[in-house]
Amino acid sequence: MPITLVEAALLTFVLGCALGAALLEDTLAAVMAFAAYSLGVSVLWLVLQAPDVGLTEAAVGAGIMTVLFLLALSNTVSPDADRLFEPIRWRTVALVGGFVLLIGATVPALPAIGDPNSPVVAGEVSQYYLANAYAETEVRNAVTAVLAAYRGFDTLGEGVVVFSAVVVTLSVLRREVVA
Amino acid sequence: MVEFETALLAIAAAFVLFAVVALYRVYAGPTNHDRVIAVNVAGTNTVIAITLVAAAYQESTFLDVALVYALLNFLLSIAFSKFNVERGGVL
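In the order they appear, the protein sequences are chains A and B.
By the count of my numbering, the first sequence reaches residue 179 at its end, each step adding exactly one.
By the count of my numbering, the second sequence reaches residue 270 at its end, each step adding exactly one.
Simulated from the structure, these hints should not be mistaken for lab results.
Accuracy of the hints is not assured; some may be wrong.
[Stated by the list, open to error] On the chain B side, residues computed to face chain A include the following (Cβ under 8 Å):
{"hint": "1", "residue": "Val205"}
{"hint": "2", "residue": "Val232"}
{"hint": "3", "residue": "Phe241"}
{"hint": "4", "residue": "Tyr248"}
[Unchecked claim] Counterexamples of contact, computed for chain A against chain B with all Cβ distances above 10 Å:
{"hint": "5", "residue": "Ile88"}
{"hint": "6", "residue": "Val93"}
{"hint": "7", "residue": "Val100"}
{"hint": "8", "residue": "Leu110"}
{"hint": "9", "residue": "Pro116"}
{"hint": "10", "residue": "Glu124"}
{"hint": "11", "residue": "Ala145"}
{"hint": "12", "residue": "Phe153"}
{"hint": "13", "residue": "Gly157"}
{"hint": "14", "residue": "Val162"}
{"hint": "15", "residue": "Val168"}
For each residue, glycine too, the CB sits at the ideal point set by N, CA and C.
So that you can see chain B by itself, here it is in the shape it has in the complex:
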């Protein structure tokens, strides 16, 4: 059981590392559209990491956080995209 938990945590760490790789796109750009997508990819990776951590610690309340997180991630992408298209139309 301990091995299973360690494996889950290791996979979660791997997904966070994927998010770190996606950060390169946030830095490099070249356009802001690339950055929006990169932040979204990083967010999605961390949602997966949260669910894996929830499974490893056997804490079902963490899944609620993952839900809020996934919603926020979507909302952020929409906000950035709207801002890009029509400057100021955030709300």
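In isolation and in its complexed conformation, chain A is listed as follows:
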């Protein structure tokens, strides 16, 4: 399937935002570009029919990350920007560009979107969950059943990690937030 017009426009937007976040000299402007980047990526998830991932990206990437960046900025001193863009380090560009090409070279090997014969869908494990998830857990969404029931302890561990991260961040900032 060739990429649609919406996807092309979104990719242009995301790429523009990412370049802005990387290159703008003024840190506040870079944080703003990064927030716009997160919003663009979450729309991209929506267009790819993954609204739950899109919601998480919007809440974490655009919401929490931006506030954390702003808090970090307010607790540090940054010199006034005397030029619009950072100078570009060409060695880093070459390194990152090479890595992107390396990763991009593996993309054609991926199965097509929604391919029923791809190993992810046709594999024994996926078939087991698709067949038995509702009978065993009575959760309609198979992904939610795996996340909350089959690997519930793992998800609980993740919750503990996130909770302690929030507690530590707030204690480092020495500020109480009633949100």
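Starting from the known structure of chain A, fit chain B onto it as the hints suggest.
Below, chain B alone, put in the same frame as chain A:
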């Protein structure tokens, strides 16, 4: 029906392109106030794009995402503006 869906998606793409145009202001500035407004404009455009995509795919759950998105967009603008006025008063 397919033409209608394509038209909706095309309009959504046009709104995302408007957001790309708004990115110019994020780059050029000249002040951070311009950048706040530009990011807000880009966000508003993408909210419209989400609702159009929701209509095209007939997925009403996407509208919830559009709601969260619109709220976040507003919150981001407030956070940036507060940061601009009183450095540090983000929360």
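Taking the hints in turn, this is what the structure says about them:
no. : hint   : result
1   : Val205 : holds (6 Å)
2   : Val232 : holds (6 Å)
3   : Phe241 : holds (6 Å)
4   : Tyr248 : holds (6 Å)
5   : Ile88  : holds (15 Å)
6   : Val93  : holds (19 Å)
7   : Val100 : holds (21 Å)
8   : Leu110 : holds (23 Å)
9   : Pro116 : holds (20 Å)
10  : Glu124 : holds (30 Å)
11  : Ala145 : holds (18 Å)
12  : Phe153 : holds (28 Å)
13  : Gly157 : holds (26 Å)
14  : Val162 : holds (18 Å)
15  : Val168 : holds (16 Å)
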